[in-house]
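Residue numbers (our numbering), protein chains in the order written: chain A, 1 to 113; chain B, 1001 to 1115.
There may be inaccurate statements among the hints.
Said to hold, decoys possible - Okay, the calculated bits of chain A under chain B, using three or more residues with CB under 8 Å as the criterion:
#1 33–44
#2 64–71
Unchecked claim - Selected chain B positions facing chain A (in silico; Cβ < 7 Å):
#3 Tyr-1025
#4 Thr-1027
#5 Tyr-1032
#6 Arg-1043
#7 Met-1045
#8 Lys-1102
#9 Phe-1105
#10 Gly-1106
#11 Thr-1107
#12 Gly-1108
As the list claims (entries may be wrong) - So the derived label-pair ranges between C-beta atoms look like this:
#13 B/Thr-1020 - A/His-98: 23 to 31 Å
#14 B/Gln-1069 - A/Val-113: 44 to 52 Å
#15 B/Gly-1085 - A/Ala-38: 22 to 30 Å
#16 A/Gly-40 - B/Gln-1014: 19 to 27 Å
#17 A/Ala-38 - B/Ser-1012: 18 to 26 Å
#18 A/Thr-100 - B/Thr-1107: 20 to 28 Å
#19 B/Asn-1067 - A/Gly-40: 34 to 42 Å
#20 B/Phe-1064 - A/Asn-71: 33 to 41 Å
In case anyone wonders, no lab produced these hints; they're calculated from the structure. Since the structure is predicted, the reported quantities are computational estimates derived from the model, not experimental observations. We put the CB at the ideal spot given by N, CA and C, even for glycine.
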Amino acid sequence: DAGVTQSPTHLIKTRGQQVTLRCSPKSGHDTVSWYQQALGQGPQFIFQYYEEEERQRGNFPDRFSGHQFPNYSSELNVNALLLGDSALYLCASSLQGHNTEAFFGQGTRLTVV
Amino acid sequence: AQTVTQSQPEMSVQEAETVTLSCTYDTSESNYYLFWYKQPPSRQMILVIRQEAYKQQNATENRFSVNFQKAAKSFSLKISDSQLGDTAMYFCAFLTPLGYEKLTFGTGTRLTIIP
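One chain only, chain B, in its complex shape (with noise of 0.2 Å):
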């Protein structure tokens, strides 16, 4: 079975600064996908970015990008410049593409963007 551990329950920064949400995964499958997403107060989770394991290369999506590292089953979140707007639960995800298709989450961690 696949398990998510995300290690850090809130985190805080001020605006227009550097942040970074820590993932590790654990699963004996070589082909899968790992996902960030977004919950704000509105509840719905929002996809914010997705890496493909068999690609190297780190995803990243205007200001934000992930370090992937398959070896040590890591996959953390780096907000550039954050904004107001960042504020919410952001949860990590794995999926694999065989059989159904069902996401796994971590517990997720609460950031909070200081004005």
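Bound conformation, chain A alone (with noise of 0.2 Å):
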């Protein structure tokens, strides 16, 4: 079992770009959630994605947006970048009902410049 992988693993992009970031969960997982760690702080809640329709947003704006596959694999967009947007972006993946044993992929570092 590959656990949660994520893609890719770096990746540095110019102010105003947009960026694609990529999630497949455990095996048998069929619910994802986002998360933004941002440097030095605890990871915020994005949004969370299941039978392929977003279930529930965090504090974030309407720039950062999803999408997850009938294969239960997500991504996640963000547009109009901002130098703000630099930080680690952490998949977790869950069986839906049961989130108190979600487990995280390694994460994506995205740099802005």
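Each chain sits in its own coordinate frame; assemble them with the hints.
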């Protein structure tokens, strides 16, 4: 079992550009949650996807959007990148109704210059 | 809204000693879960220990144990016989099983084990 896999591991983007991050959940999991972890901070909840729909959203602007595919994998899209979007983006997968057993990926380190 | 506070940004302890990390939280919910996650330099969040609020008995996992004080809304982590591999960021987190079960994290404590 490969666990939760995220790609890419690192990337650098220019202010104003758009970025797409990807997450493949642990085998058997159907729910994906995304978190943003700024340097020196704890992760902040962005949103959660289940059954290809966004089920809950944290305090993030509409520039942050996502998608879940029929195979439960997910993408996080960020438009019009700002310097403040530089962070580690973590994906967590779980089985719906069992989010006390979430598994995290190793994250994508996004740097906006 | 739930909040989680970790008041110790950094701690260090000699190898084989015991260390306690502090966490307080605020919620109006009666049913919830509390977690300690470890984040080593590899960046992956690893679950260390979990406590269900309705259970009075403190959770233990090998060298890791918690002191859960529900009335005081306190949830500390004790690491016994600390090892070099325990060096990491430690995050306290809260989850309510109602709704969509998002995790709310504290700001973390950087723990360094000194050889």
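_Under the constraints set out in the numbered hints, which ones does this structure not fulfil?_
2, 3, 4, 5 and 19
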